[in-house]
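Enquirer: Please take these sequences and the hints and turn them into a complete structure.
Sequence lines, in order, name chains R, E and V.
Under this note's numbering, the first residue of the first sequence carries the number 1, and numbering increases by one thereafter.
Under this note's numbering, the first residue of the second sequence carries the number 1, and numbering increases by one thereafter.
Under this note's numbering, the first residue of the third sequence carries the number 1, and numbering increases by one thereafter.
Hints listed in this document are in silico derivations from the structure and should not be mistaken for laboratory results.
Honestly, I wouldn't trust all of these hints.
To be verified - Straight-line alpha carbon distances no greater than 25 Å define the calculated DSS-like cross-link-like pairs of lysine-lysine that follow:
| hint | chain 1 | residue 1 | chain 2 | residue 2 |
| --- | --- | --- | --- | --- |
| 1 | E | K10 | E | K121 |
| 2 | V | K131 | E | K22 |
| 3 | V | K131 | R | K290 |
| 4 | R | K285 | E | K117 |
| 5 | E | K10 | R | K174 |
| 6 | R | K285 | V | K120 |
| 7 | R | K289 | V | K161 |
| 8 | E | K117 | R | K174 |
| 9 | R | K286 | E | K302 |
| 10 | V | K120 | R | K290 |
What the hints assert, rightly or not - Here are some of the chain E residues that sit facing chain R, going by a computed Cβ distance under 7 Å:
| hint | residue |
| --- | --- |
| 11 | V126 |
| 12 | L130 |
| 13 | V137 |
| 14 | M238 |
| 15 | A282 |
| 16 | T283 |
Remember, it's a predicted structure, so these values are computed and weren't measured experimentally.
Virtual Cβ for every residue (Gly too), placed ideally from N, Cα, C.
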Amino acid sequence: MTPKKADKIAVNVLYGLSGIIVLILASLLTYILVRGVPQFSIEFFTQPAKTFEVGGGIIIQLYNSFYLLLLTLLISTPVAMGAAIYLSVYAPQNSFTTFVRTAIEVLSSLPSIVVGLFGFLMFVVQFKLGFSILSGALALMIFNLPLLTRTIEDSLTAIPSSQREGGLALGLSKWETVTRIILPAAMPGIITGVILSAGRIFGEAAALIYTAGQSAPALDFTNWNPMSITSPLNIMRPAETLAVHIWKINSEGLMPDGPDVSAGASAVLILAVLSFNLLARYLGKKIQKKITSA
Amino acid sequence: MEETVQHFKKRSPKRKQERFGKTISLVATIFIVSIVFSILFFVASRGLRTFTEHGVSAIDFFAGTAWRPGEVSDAGEPLVGAFPMIAGSFLVTIFSALLATPFALGAAIFMTEISPKTGKKYLQPVIELLVGIPSVVYGFIGLTVIVPFIRQIFGGTGFGVLAATLVLFVMILPTTTSMAVDTLNAVPRYYREASFAMGATRWQTIYKVVLRAASPGLLTAVIFGMARAFGEALAVQMVIGNAALVPDSLTTPASTLTSILTMNMGNTVLGTLENDVLWSLATILLFMSLFFNILTRWIGKKGAMK
Amino acid sequence: MAVNPEETDLNKKHIVTLNEKEPLAISTKDLHVYYGKFEAIKGVSLEFEKNKITSLIGPSGSAKSTYLRSLNRMNDEISSAKVTGEILYKNVNINDPEVDVYTTRKQIGMVFQSPNPFSKSIYENIAFGLKRHGVKGKETLDKAVETSLKQAALWDQVKDKLNQSALALSGGQQQRLCIARAIALKPEILLLDEPASALDPISTSQVEETLIELKENYTIIIVTHNMQQASRISDRTAFFYLGHVLEYDETRKIFTNPTIQATEDYVSGHYG
Ligand SMILES: Nc1ncnc2c1ncn2[C@@H]1O[C@H](COP(=O)(O)OP(=O)(O)O)[C@@H](O)[C@H]1O
Ligand SMILES: [Mg+2]
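Expert: Take a look at the structure:
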């Protein structure tokens with residue numbers, strides 16, 4: 001075989017392999033949407049789930065997913081921000097810093113089921129929080145911290161050091177410089193990172209099945225007393241999310257229309273993750289523009 | 001004069017502010033680090049109870065093939081052989097990596113060497129979307145498409161190592177691809193130019209120069225994919241059948257460490273042997289995750305020395 | 001470079017000091033700066049006169065920037081850097097760890113090589129530093145913004161778009177904004193590190209004019225690679241070479257009749 005011929009064959013093979021990947025994604029998406037979107041109906045989005053009957057909805061799970069997402073972002077963003085600031089501003093170049101970075105990397109590579117089991121041991125059992133939104137949010141925080149810290153740190157270090165010098169030369173502290181000059185300038189990147197992490201959190205189930213639990217007690221959406229068990233605001237109630245719901249339906253096999261509900265819920269999940277992705281891009285660009293132009 | 005000295009030595013509020021900022025950001029950092037250590041400590045100390053509290057021998061646990069926690073053998077030993085799950089985890093990891101690697105490398109080479117423009121426009125978003133699909137959705141598709149498909153062709157239930165392998169193949173594909181892309185992009189331009197200048201074809205250049213220079217990074221990309229496969233729980237649990245048997249065929253129900261953990265953690269009581277052996281499985285997962293981590297570091301170091 | 005290191009005697013120096021009639025703004029005594037083991041500045045003693053412009057010239061790597069950054073303790077931010085010797089400002093050795101760097105930097109302002117306005121509005125770029133140092137009141141801030149922009153000869157060009165992003169300004173305007181930002185804090189000394197090296201000739205001459213006007217109220221120390229610039233705007237010039245100052249004198253003297261051969265080689269090599 002001449003080198004020229006080999007080249008031609010190789011290039012064709014590469015086209016083929018890449019084409020198959022595109023095909024796989026296309027068929028995945030088509031399958032989920034074709035199978036799932038027809039399930040969408042007013043009832044589907046407004047009714048609670050039914051375990052043994054046909055025609056249940058996903059309202060509670062959908063609400064739980066968003067509530068849990070919000071709480072997770074609320075507790076993990078400040079911590080990630082703090083660590084990112086430490087690593088990008090204060091951390092000296094020594095073995096302690098290397099050690100910290102290694103630890104964060106190890107955390108990011110832990111399987112989420114392990115994070116979930118630790119959350120079970122620590123929050124559900126040890127802290128006696130039970131299967132609850134709070135336990136779930138804490139487990140998701142652990143799941144979210146390493147990646148979010150890294151994206152925020154990357155956004156901070158992407159701001160030219162001349163900005164930092166400019167602040168320091170005015171006699172400002174590093175803390176003022178980073179919180180009031182670097183951070184605002186890095187906001188597009190940070191927001192993009194936070195929203196992308198939201199997509200990951202929204203779809204996560206393994207970290208939740210033993211922390212937020214696998215049941216979705218009925219909610220009374222008119223009850224805003226956070227102490228009441230039927231209140232949507234209550235953070236001590238068990239809360240099955242949409243992703244956990246899909247897993248639960250399929251591993252129990254009790255629900256007669258389980259495959260339909262799963263398909264509908266999967267479509268919702270994918271559309272949500274997709275919107276998070278698009279939103280992240282859009283907002284990132286828009287803020288960037290606002291900062292640089294007028 | 002003394003006055004000016006005082007003026008300059010007076011501690012401005014900025015110093016306090018700086019101490020505050022440094023402290024608070026250090027506290028956040030230490031918080032994260034302590035979580036890592038708590039996970040290692042609490043999970044491992046539970047996992048070790050199988051051997052310390054319940055006196056199970058390590059050989060019985062790692063090499064035993066009978067997994068029926070709660071029951072004992074004729075000799076009175078608890079039946080907690082974890083070998084079926086360990087074997088299952090390794091099998092699905094190795095098979096899915098074998099399947100995903102050619103596709104991942106092929107796509108990465110396509111995106112960096114053959115057609116960066118098309119790659120950026122079409123393949124990049126495809127890869128990002130694949131990463132974004134939640135694992136329960138992969139599990140659901142596996143359950144409703146792949147398992148019936150396998151059932152039709154090979155008979156049986158359709159659950160098993162093959163189904164898990166196919167699901168994991170798609171799940172680790174984007175991980176390996178995007179890391180491979182980064183690695184290939186890091187190979188300096190002039191390597192290629194020098195090779196072209198010597199009259200090499202595009203494929204010769206890729207094969208003999210680019211891939212060789214990038215090999216440590218590509219290996220790391222593959223290992224990252226394997227780590228993801230090894231730790232994936234729900235998608236695998238939904239399609240593997242969860243029979244704690246050493247798989248004797250790719251299309252009979254089997255199990256992995258993660259699938260048994262997912263299934264049984266809720267059905268056991270904390271502190272019992274039945275529960276502690278599950279934590280032992282979790283500990284294996286934990287140490288494998290550390291192992292993959294160390295492996296990639298080691299490869300990175302070796303690659304840097306070359 | 002026209003200077004030949006082998007023929008240069010680093011022990012032969014010509015450095016003028018100020019007489020009683022010339023008020024001192026800031027001076028260094030036997031200043032050494034180390035980056036780890038590397039000694040970047042090997043004992044520099046210079047006196048800078050009040051309300052004058054002093055140029056620091058010399059080949060790349062001769063430690064001009066390092067010296068300038070020592071004067072307002074910016075080298076504190078480089079973990080490997082160590083500064084020994086005295087920096088006297090108002091008779092206080094400000095190179096004393098006890099001295100508050102924030103107070104020091106507020107009084108000794110700095111402008112960098114490439115313009116680095118914050119990604120905030122033009123107004124905020126100037127008001128920001130003031131606010132962080134405790135200045136309050138819209139009127140006071142408005143006034144300060146206007147004054148500094150006028151002093152930096154930028155007011156007329158930006159007075160109608162104070163709320164627009166500073167990043168939309170041209171390079172020259174950005175650099176003058178940075179000057180305005182520094183002088184808004186009413187420092188006594190202004191340090192500039194090649195402030196015009198990233199600018200076109202027209203912007204450069206605008207910055208130069210601004211500096212000459214600022215001389216009335218500020219003491220200016222400027223690093224420059226541009227010999228014409230040094231001779232156009234500065235009163236005194238120091239020639240840096242390999243971490244030493246070999247010659248320090250009236251600018252006119254440095255450029256027409258330098259005492260040290262290396263100085264002559266350098267300034268003439270640059271005219272070519
Ligand atoms: N942060 C630093 N760390 C180590 N060495 C440095 C650092 N900054 C400057 N140097 C070294 O100190 C010497 C003087 O640099 P610099 O002050 O930037 O010179 P100039 O401004 O005259 O070009 C050079 O040899 C340079 O490599
Ligand atoms: Mg310099």
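Enquirer: Next step is simple, just say for each hint if it's right about the structure.
Expert: Evaluation of the provided hints:
| no. | hint | in the structure |
| --- | --- | --- |
| 1 | E/K10 <-> E/K121 | 59 Å, violated |
| 2 | V/K131 <-> E/K22 | 22 Å, holds |
| 3 | V/K131 <-> R/K290 | 23 Å, holds |
| 4 | R/K285 <-> E/K117 | 21 Å, holds |
| 5 | E/K10 <-> R/K174 | 19 Å, holds |
| 6 | R/K285 <-> V/K120 | 17 Å, holds |
| 7 | R/K289 <-> V/K161 | 17 Å, holds |
| 8 | E/K117 <-> R/K174 | 41 Å, violated |
| 9 | R/K286 <-> E/K302 | 43 Å, violated |
| 10 | V/K120 <-> R/K290 | 10 Å, holds |
| 11 | V126 | 5 Å, holds |
| 12 | L130 | 6 Å, holds |
| 13 | V137 | 5 Å, holds |
| 14 | M238 | 6 Å, holds |
| 15 | A282 | 5 Å, holds |
| 16 | T283 | 9 Å, violated |
Of the numbered hints listed earlier, those contradicted by the structure are 1, 8, 9, 16.
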